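Student: Residues per chain are reported as follows:
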Amino acid sequence: MGRHFGDLAKIRHIVTYSLSPFEQRAFTNFFSKGIPNVWRRFSGSFFKVAPLLTYLIYTWGNSVHEQSMRKNPADYANDE
Amino acid sequence: MANLRKTHPLIKIANDSLIDLPTPSNISAWWNFGSLLGLCLISQIITGLFLAMHYTSDISTAFSSVVHICRDVNYGWLIRNIHANGASFFFICIYLHVGRGLYYGSYLYKETWNLGVILLLLLMMTAFVGYVLPWGQMSFWGATVITNLLSAIPYIGNNLVQWIWGDFSVNNATLTRFFAFHFLLPFIILATTMIHLIFLHETGSNNPTGITTDSDKITFHPYFSYKDLLGFAILIMLLVSLSLFAPNLLGDPENFTPANPLVTPPHIKPEWYFLFAYAILRSIPNKLGGVIALFASILVLFCVPLLHTSKQRSLTFRPLGQVLFWLLVGDIITLTWIGGMPVEHPYIIIGQIASLIYFMILLIFMPALNLYENKIWW
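Residue numbers (full-length UniProt numbering), protein chains in the order written: chain A, 1 to 80; chain B, 1 to 378.
With the rest of the complex left out, here is chain A (with noise of 0.2 angstroms):
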């Protein structure tokens, strides 16, 4: 039942590289390139994302519906 290792793909010829741990530099650029590509990644996204439409419609329609809940005004205008 289910998938097995050594039984998934036909590998061949696979050679692999690594570097020691301790050659490693973990937090390269981690300011000066990492803060600049958080920015890049959001706005790349964010107006694909962000529910904008909903939010113009939420406000719009509670800004109408609250507009019809209102009395008209000329209504009481001689009342004292």
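To be clear, the hints were calculated from the coordinates, so they are not data collected in a lab. No experiment lies behind these values; they were computed from the predicted model shown. Treat the hints with care, as some may be off.
[As the list claims (entries may be wrong)] In silico DMTMM-like cross-links for lysine to aspartate or glutamate, where the CA-CA straight-line distance does not exceed 25 angstroms:
#, chain 1, residue 1, chain 2, residue 2
1, A, Lys-10, B, Glu-202
2, B, Lys-6, B, Asp-216
3, A, Lys-10, B, Asp-214
4, B, Lys-311, B, Asp-214
5, B, Lys-227, B, Asp-216
6, B, Lys-287, B, Glu-344
7, A, Lys-10, B, Asp-16
8, A, Lys-10, B, Asp-216
9, B, Lys-12, B, Asp-216
10, B, Lys-110, B, Asp-216
11, B, Lys-227, B, Asp-20
12, B, Lys-12, B, Glu-111
13, B, Lys-217, B, Asp-228
14, B, Lys-6, B, Glu-202
15, B, Lys-12, A, Asp-7
16, B, Lys-110, A, Asp-7
17, B, Lys-6, A, Asp-7
18, B, Lys-217, B, Glu-111
19, A, Lys-10, B, Asp-20
20, A, Lys-71, B, Glu-344
21, B, Lys-227, B, Glu-202
22, B, Lys-12, B, Glu-202
23, B, Lys-217, A, Asp-7
24, B, Lys-287, B, Asp-167
25, B, Lys-217, B, Asp-20
Model the placement of chain B on the given structure of chain A, informed by the hints.
Tutor: Then chain B, alone, in the frame of chain A:
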């Protein structure tokens, strides 16, 4: 030890799904929600079991038995709050889980997907009957509104509703059987979840690229066992925070009043997780039409794999599809908002348009846009 793990008929099952399971190395945090749903189910079953030890399902004592649980039973208040808010987290996780499946094309594992939709339906049924149990005003009137929907079914409708009630209104027989169903259904969910997992493990997990990663698989343990544990910690933290700091935030104040068939609350509305479907139901003036639309809003998920027209599986490399996906998310948020609003202008028309857009995106726009994107990028 290694041998026993791989050869023992029972331990082998755990090994093949939790330890030696080949898993894509690139799955993101969106793949955490499956295990989180498992956690939700287990915690709901355990807290529910303890609640069932003190709850009575007779209409004369149901409400006060819940008060008794909260006031007199040791940590009953905590167990009750975790169970009630746990339901909300269950739905948060399942909606995000479905959203993940839609975005990355996981629905192409058809058996797994269809079982998942059945699980969603079972969860909704369980949550609905569970909400009736405290026998507050919203419990009673929610049950009355929703069970009455079935009366719209031609010819057999009225008989069907009375059969479900076991009476001529929502009453003692109804509450007792709803308790029975609320106890039974989670175990059916548990069994269905097992089958959901068996089918998932036949293919292995999808991944964000939507491309087969058979040559780049890693073991589930330790990589994803620990990642799932991190997810567990975050979910438990959020659930406990909500249950302790704002346990009634998502509830309806009306449910602090015992059920009274002679007093109809001014605004009957379901819990937040049903509001989108409630908005779709109310946006159609005809009763039967509304009921059909309500069921269609979930059943439409069965059609999603059949309407996959893209050459690619995932939306990761399809920017236009992404825009449409997030429009759908925004539309569902709009429906959720409208479901909680009174039936007045302009909420009526917003709900009707949002309902239409919901079905249009899933049934027409998405397949059409996929065909278009097939052409423009390749």
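Student: Hints first: check each against the structure and report whether it holds.
Tutor: Hints, verified against the model:
1. A/Lys-10 x B/Glu-202: Holds, at about 18 angstroms.
2. B/Lys-6 x B/Asp-216: The hint holds at about 22 angstroms.
3. A/Lys-10 x B/Asp-214: Within the cut-off at roughly 9 angstroms; holds.
4. B/Lys-311 x B/Asp-214: holds (20 angstroms)
5. B/Lys-227 x B/Asp-216: With a Cα-Cα distance of about 18 angstroms, the restraint between B/Lys-227 and B/Asp-216 holds, given a limit of 25 angstroms.
6. B/Lys-287 x B/Glu-344: holds (18 angstroms)
7. A/Lys-10 x B/Asp-16: holds (21 angstroms)
8. A/Lys-10 x B/Asp-216: Holds: A/Lys-10 and B/Asp-216 sit about 11 angstroms apart, inside 25 angstroms.
9. B/Lys-12 x B/Asp-216: holds (23 angstroms)
10. B/Lys-110 x B/Asp-216: holds (23 angstroms)
11. B/Lys-227 x B/Asp-20: Answer holds: B/Lys-227 to B/Asp-20 is near 15 angstroms, not above 25 angstroms.
12. B/Lys-12 x B/Glu-111: holds (23 angstroms)
13. B/Lys-217 x B/Asp-228: Between B/Lys-217 and B/Asp-228 the Cα gap is close to 17 angstroms, so the pair holds against 25 angstroms.
14. B/Lys-6 x B/Glu-202: holds (18 angstroms)
15. B/Lys-12 x A/Asp-7: Since the Cα atoms of B/Lys-12 and A/Asp-7 sit roughly 17 angstroms apart, the hinted pair holds (cutoff 25 angstroms).
16. B/Lys-110 x A/Asp-7: holds (23 angstroms)
17. B/Lys-6 x A/Asp-7: holds (15 angstroms)
18. B/Lys-217 x B/Glu-111: Judged against 25 angstroms, a Cα distance of about 22 angstroms means the pair holds.
19. A/Lys-10 x B/Asp-20: holds (19 angstroms)
20. A/Lys-71 x B/Glu-344: holds (16 angstroms)
21. B/Lys-227 x B/Glu-202: Status holds; Cα separation ~22 angstroms.
22. B/Lys-12 x B/Glu-202: holds (15 angstroms)
23. B/Lys-217 x A/Asp-7: The hint holds at about 11 angstroms.
24. B/Lys-287 x B/Asp-167: Answer holds: B/Lys-287 to B/Asp-167 is near 22 angstroms, not above 25 angstroms.
25. B/Lys-217 x B/Asp-20: Distance ~11 angstroms between B/Lys-217 and B/Asp-20 Cα, so the pair holds.
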